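Number of protein chains: 2
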Amino acid sequence: MKTDRSKNMSPRRISKQIQIGGVKIGGSAPIVVQSMANTDTRDIMSTIRQIKELQEYDCEIIRVAVPDMQAAQALKKIKKGIKIPLIADIHFDYRLALAALEAGVDGLRLNPGNIEDKDQIKKVVLAAKERAIPIRIGVNAGSLSKTQGKKSVVTRMVDAALEEVKLLESLDFDLIKVSLKAFDVPTTIAAYKTIAEKIPYPLHIGITEAGTPHTGVIRNSVGIGSLLYLGIGDTIRVSLTANPREEVIAGYEILKSLDLRQHGPILVSCPTCGRTEVDIIKIAQQVEVELQKIKKPIKVAVMGCVVNGPGEAKDADVGIACGKGRGILFRNGKKIGIVEEADFVKALMREVREITNPN
Amino acid sequence: MKTDRSKNMSPRRISKQIQIGGVKIGGSAPIVVQSMANTDTRDIMSTIRQIKELQEYDCEIIRVAVPDMQAAQALKKIKKGIKIPLIADIHFDYRLALAALEAGVDGLRLNPGNIEDKDQIKKVVLAAKERAIPIRIGVNAGSLSKTQGKKSVVTRMVDAALEEVKLLESLDFDLIKVSLKAFDVPTTIAAYKTIAEKIPYPLHIGITEAGTPHTGVIRNSVGIGSLLYLGIGDTIRVSLTANPREEVIAGYEILKSLDLRQHGPILVSCPTCGRTEVDIIKIAQQVEVELQKIKKPIKVAVMGCVVNGPGEAKDADVGIACGKGRGILFRNGKKIGIVEEADFVKALMREVREITNPN
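Residue numbers (our numbering), protein chains in the order written: chain U, 2 to 360; chain L, 2 to 360.
Hints were generated in silico from the structure; no laboratory data involved.
None of these values were measured; they are calculated from a predicted model.
The beta carbon of each residue, even a glycine, is placed where N, CA and C say it ideally should be.
Treat each hint with caution, since some may be false.
Listed next, the in silico DSSO-like pairs over lysine-lysine satisfying Cα-Cα at most 30 Å (straight line) [said to hold, decoys possible]:
(1) U/K315 <-> L/K25
(2) L/K25 <-> L/K152
(3) L/K124 <-> U/K119
Pair by pair, the computed Cβ-Cβ distance ranges are [as the list claims (entries may be wrong)]:
(4) U/E103 <-> L/R351: 42 to 50 Å
(5) L/E54 <-> U/Q71: 19 to 27 Å
(6) U/K25 <-> L/A343: 31 to 39 Å
(7) L/K152 <-> U/D44: 56 to 64 Å
(8) L/P12 <-> U/G28: 31 to 39 Å
(9) L/Q293 <-> U/K77: 18 to 26 Å
(10) L/K151 <-> U/K77: 42 to 50 Å
(11) L/K167 <-> U/K8: 44 to 52 Å
(12) U/G28 <-> L/K300: 52 to 60 Å
(13) L/S29 <-> U/K152: 26 to 34 Å
(14) L/K199 <-> U/S7: 41 to 49 Å
(15) L/E54 <-> U/K283: 33 to 41 Å
(16) L/L127 <-> U/K335: 18 to 26 Å
(17) U/Q71 <-> L/P12: 49 to 57 Å
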């Protein structure tokens with residue numbers, strides 16, 4: 002899973018680096034994929050089970066809600082049952098943050114709109130400082146302080162974050178990460194662009210309440226993708242009204258699309274058109290299912306005609322340009338054989354397995 | 002379906018405006034959603050049937066492959082059977098372009114990598130000029146001319162387009178649209194950013210051979226979304242290995258996510274977490290299904306807790322913040338009632354219908 006920022010991208014904003022458990026965030030560290038459990042945190046077994054499943058999908062950091070003291074006390078056992086760093090999501094009651102720190106979490110998320118008493122925040126910050134536990138200042142457009150008047154949402158989000166950053170800095174605390182999420186994508190991008198120039202800390206990026214997988218994946222991809230293209234963002238969380246594994250899968254796909262992380266196979270396949278003489282949709286779907294068994298990075302192309310087919314198939318590690326009845330198989334840019342239509346998927350996957358699992 | 006570029010976006014690149022049939026592209030025209038039929042163009046009935054279905058999804062321009070003379074001759078009847086402008090996709094044989102013009106198409110797409118003989122191109126351009134039919138110079142990374150040597154893909158794509166632009170301009174032809182598509186997103190963005198500053202013509206944007214809906218939607222959203230955020234792009238085509246209606250639906254979702262077009266409802270829904278006390282995933286899915294019947298723009302929020310719930314629900318036209326057993330219903334930012342859990346979807350949809358269909 003190497004990092005390889007393309008020369009065709011805007012340069013990455015270089016932030017300070019912090020560490021959540023063993024995971025580095027910011028600086029030149031790879032952009033980290035995180036998610037949030039949607040189980041009842043008090044249900045320790047279900048929460049551990051879900052986090053373990055997310056670990057299988059390479060979720061790198063997990064956050065859980067801490068709505069009450071029972072949830073805070075569950076964190077200790079949850080932490081013992083999982084391998085990835087655990088972040089406690091705190092709203093309203095600062096004592097839950099203190100209890101979460103006591104339970105041994107690797108990070109805290111505080112929403113400035115929901116804990117406004119500075120003395121309470123100070124108590125949390127001093128307890129976090131003692132343990133060297135980072136705090137995310139997690140601003141959300143849906144829960145901004147009402148005292149900020151008629152400024153724009155972007156300004157209110159940025160101001161809320163800056164005020165909290167100053168408070169933490171005044172306590173000599175700099176293990177800070179910041180997020181500024183809204184549902185509206187241009188609002189979110191503008192807020193991150195503004196704060197990116199004002200503070201040196203790593204940024205957690207995302208679009209909030211983005212909806213169901215159908216439309217939410219698009220909204221997240223446009224927002225997170227645009228920010229990453231601009232060089233902004235050190236860790237991402239895709240928000241979907243769905244099982245959180247969908248968030249992790251989509252997160253990696255966003256990073257892969259910008260060549261920011263490698264993570265399993267990449268499937269190139271043509272949209273099919275009136276030139277296509279075989280059922281490319283079906284072939285691509287079959288290959289996609291087969292590729293789910295492959296963990297190593299490899300670029301595979303399934304193409305349906307002679308226009309771009311051979312060109313794209315050559316550019317992939319393994320590719321097939323499918324014509325009527327027969328296809329041309331490519332490996333590392335070289336034609337390696339002619340394949341009968343019935344064997345398209347089988348022949349392609351044989352090459353994939355040979356490359357990814359040479360023994 | 003109004004256009005409303007957010008003040009938080011980069012300013013739009015203002016291009017010359019062309020017209021494909023009755024549809025304006027470039028200048029300050031709304032960004033146009035187009036797709037490509039994947040039927041056999043020679044099968045006139047199937048092609049018309051597919052395009053009519055795409056019209057129902059508000060596809061605004063349709064392109065069809067023209068692999069041979071029989072396909073070119075089918076265009077006349079296809080054109081008669083549909084309402085949206087028809088573009089002929091031409092590769093290799095310039096005579097197919099002449100036949101397509103003869104058949105009355107509204108636009109041509111030529112791939113410079115596949116027709117390299119300048120005299121042949123001239124014949125097509127002069128015939129298009131006579132009829133005032135626009136030509137898209139459609140460069141594709143998979144079919145670049147081999148004569149360009151060892152320059153970068155971005156440079157080769159841009160140079161290929163510029164060379165063809167010059168040829169068309171030398172014939173006093175300026176009904177030009179340009180595209181520069183690759184599978185690699187940073188490559189594609191870099192190519193469009195470069196050409197955007199060099200020519201005054203509208204740009205057709207997209208990511209080519211992006212794959213199946215699962216991963217391809219993400220790749221398209223990141224690439225097209227980043228370009229649109231940067232102010233680049235006058236018409237979009239999402240490429241998916243799928244039924245083209247998926248391309249149209251995704252196209253509108255990309256534009257909606259950047260507030261560039263309105264198109265039916267927008268569903269805000271929270272990702273659910275350990276705070277959620279009701280099955281928000283199920284409720285959001287039910288609302289999503291109900292909203293498919295609504296054609297007018299409306300923003301609907303389904304939220305699962307008190308952290309951001311009321312804030313986001315208030316910001317929507319209609320919203321519900323769902324708690325255990327009971328939810329708070331909002332309309333135009335005002336609380337309008339308390340709803341029992343069994344009635345969440347029904348109550349929300351009653352308000353939606355009242356707003357979108359007041360009689």
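Return the numbers of the hints above that this structure violates; sort them in rising order. When the structure is compared with the hints, numbers 1, 2, 3, 5, 6, 9, 10, 11, 12, 14, 15 and 16 turn out to be violated.
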